[in-house]
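Residue numbers (the working numbering), protein chains in the order written: chain A, 1049 to 1414; chain B, 309 to 492.
Please keep in mind that the hints were generated in silico from the structure rather than gathered at the bench.
Keep in mind it's a predicted model, so treat the numbers as computed, not measured.
Be a bit skeptical, because a hint or two may be false.
Said to hold, decoys possible - The calculated lysine to aspartate or glutamate pairs, modelled on EDC-like cross-linking and capped at a C-alpha distance of 16 Å, are:
1. B:K405 / A:E1283
2. B:K448 / A:E1188
3. B:K448 / A:E1185
4. A:K1147 / A:E1169
5. B:K448 / A:E1283
6. B:K483 / B:D452
What the hints assert, rightly or not - Reference listing, derived: stretches of chain A covered by chain B, where coverage requires no fewer than 3 residues with Cβ under 8 Å from a Cβ of chain B:
7. 1195-1208
8. 1218-1224
Heads up, the beta-carbon is just placed ideally off N, CA and C, and yes, glycines get one too.
Letter by letter, the chains look like this.
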Amino acid sequence: MNLEHFLKNKAPSWMSNNGADADIVISTRIRLARNLDGYRFPRSFSEQEAKQVDDVVTNALLNINKGDQNFSHFTIREMAALQRQVLVEKHLISPLLAKKEKSASVVISNDESISVMVNEEDHLRIQCLAPGFQIFETYEITNKLDSYLEKHLPYAFNETFGYLTCCPTNVGTGLRASVMMHLPALTMSNQMKVITQMLTRLGMVVRGIYGEGSENLGNMYQISNQVTLGKSEQEILEDLQNVVTQIIKNERNARQSILKQAPIALEDRIQRALGTLKYARIMTSEEAATCLSNVRLGVDLGLIKGIPLGILNECMILIQQGFVQQYAGTTLQATERDLFRAKLLREMLNVENQISKEKGEEKYDV
Amino acid sequence: MICEHCKVRQATVTVTQIVNGQKSERHYCEVCANQFHPFNIDFNKEDNLQLAQLVSNWFGLTVWKNENQEKQTQATQTATSCPNCGYTFRQFLNEGKLGCPQCYETFNTKLPQVFEKIQAGTQHSGKVPGTSNNHHLVLKKQIDSIREQLQQAIIDERFEDAVKLRDEIKDMERKLQIGGVDTP
Chain A
1049 MNLEHFLKNK APSWMSNNGA DADIVISTRI RLARNLDGYR FPRSFSEQEA
1099 KQVDDVVTNA LLNINKGDQN FSHFTIREMA ALQRQVLVEK HLISPLLAKK
1149 EKSASVVISN DESISVMVNE EDHLRIQCLA PGFQIFETYE ITNKLDSYLE
1199 KHLPYAFNET FGYLTCCPTN VGTGLRASVM MHLPALTMSN QMKVITQMLT
1249 RLGMVVRGIY GEGSENLGNM YQISNQVTLG KSEQEILEDL QNVVTQIIKN
1299 ERNARQSILK QAPIALEDRI QRALGTLKYA RIMTSEEAAT CLSNVRLGVD
1349 LGLIKGIPLG ILNECMILIQ QGFVQQYAGT TLQATERDLF RAKLLREMLN
1399 VENQISKEKG EEKYDV
Chain B
309 MICEHCKVRQ ATVTVTQIVN GQKSERHYCE VCANQFHPFN IDFNKEDNLQ
359 LAQLVSNWFG LTVWKNENQE KQTQATQTAT SCPNCGYTFR QFLNEGKLGC
409 PQCYETFNTK LPQVFEKIQA GTQHSGKVPG TSNNHHLVLK KQIDSIREQL
459 QQAIIDERFE DAVKLRDEIK DMERKLQIGG VDTP
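Just chain A, same shape as in the assembly (with noise of 0.2 Å):
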């Protein structure tokens, strides 16, 4: 499949809105770190050794096509800046990927599911993205997949340190299970000071999903296991579901208390983000996925009727600069971007709110 599929397909499989919990998990992430032994790590290794790896990688994955999952590769040197930008926006490839000049590359499943990183910070990293709160099944997806890669690849793995790894945050199961959480309530609260301590002497990290240093944008929250040895993968998998479920019920205490105490106020601020989102001509992305978790929050109280989550979740997507820019069809300086990005989000939630009200119409028949 072309790379165009890839960058025009703004609402890949995960973002579905029908996992478990989704109201409050928007996504799980599961990624495996690999290396292939007798390769020097891509942080040191030559010109040569990069494309020997690409090409082993490459080939191995490519020849699966077994019917149920077929995959494209795309090197990324060969792609322009805006379209790799694109894939980072998608959670595709990462910042460090799409920087890489030596023989990095990726293979994508057509549903964009599953990706695998050829050359980034280790030769091999292999992610699979799943809508709401599914680790287990997610990582068997992931599991599937690198059992039958190590049937054909020279995996680097010792008996003491399990599978190596370049970073030695990564070394052991190589795993990294992350999921995506909206967690306004426990952001008004102030609660999320403490969960996060909490959640570091546990062995987990929060991040903000929109890059580094923005921690709260959106009150969207990353949360993942930072220990990788000394711990089995369903260990792993264990705490940090444990972990998730409390936090889930611990947000929908809170919103039902902040319900309770201050309704007025809480739906004023949830009627004027919509507004400010469907009437607004300048948009920066902070404002914006300040009003998409707004409107978010109402959606799932039942303050606003007839809007999906899956259009926010896909708005969530959209108002960042790629995706801006993609949608502009040039590249625009950021004051630019604020005006075509108001322009989106305008048309995104006008039409989807006009569509929604027949649906409604109908359930009241029934």
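Keeping the supplied structure of chain A fixed, place chain B upon it in accordance with the hints.
Below, chain B without anything else, positioned relative to chain A:
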């Protein structure tokens, strides 16, 4: 007034410090005040923290002791370099990354102390290539799905099927206990 630091020269600079609402004043001479870093109130010989140092501190190995000790550690750390990629342990401490898979072999006596600080242990206990270590997990999932079928069979009053399913579950649970490689 005499400088609080050198206790020789006349104090000409007053430094006001507010910590937790407690105001304190210190008096220094111009020479001492010049060495004084605005963010580092205590006069410390290790003032010039470099990023590299921060990384090695983060890994829990204080590399910079006094000058003599430093030379010693430097000597031992440069002594071993990876035969495959030429990486030294010192390079690893400075950059936080390794050069190739063989580095793990080369530094296998030193790495565990790093792992102790940043990981849950120093021994891998997860998946091993070539064996299906996740057998356990798969088995558990299968049992769950058969249990659901069992429930359905009971509801539908298909008791013969239910008995079969029950035996199947028992069988699998036994497997889980004996062979289910429950790694510590």
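Hints, verified against the model:
no. : hint              : result
1   : B:K405 / A:E1283  : violated (26 Å)
2   : B:K448 / A:E1188  : holds (13 Å)
3   : B:K448 / A:E1185  : holds (13 Å)
4   : A:K1147 / A:E1169 : holds (11 Å)
5   : B:K448 / A:E1283  : holds (14 Å)
6   : B:K483 / B:D452   : holds (14 Å)
7   : 1195-1208         : holds (count 8)
8   : 1218-1224         : holds (count 4)
In this structure, only the earlier hint numbered 1 is contradicted, and the remaining ones agree with it.
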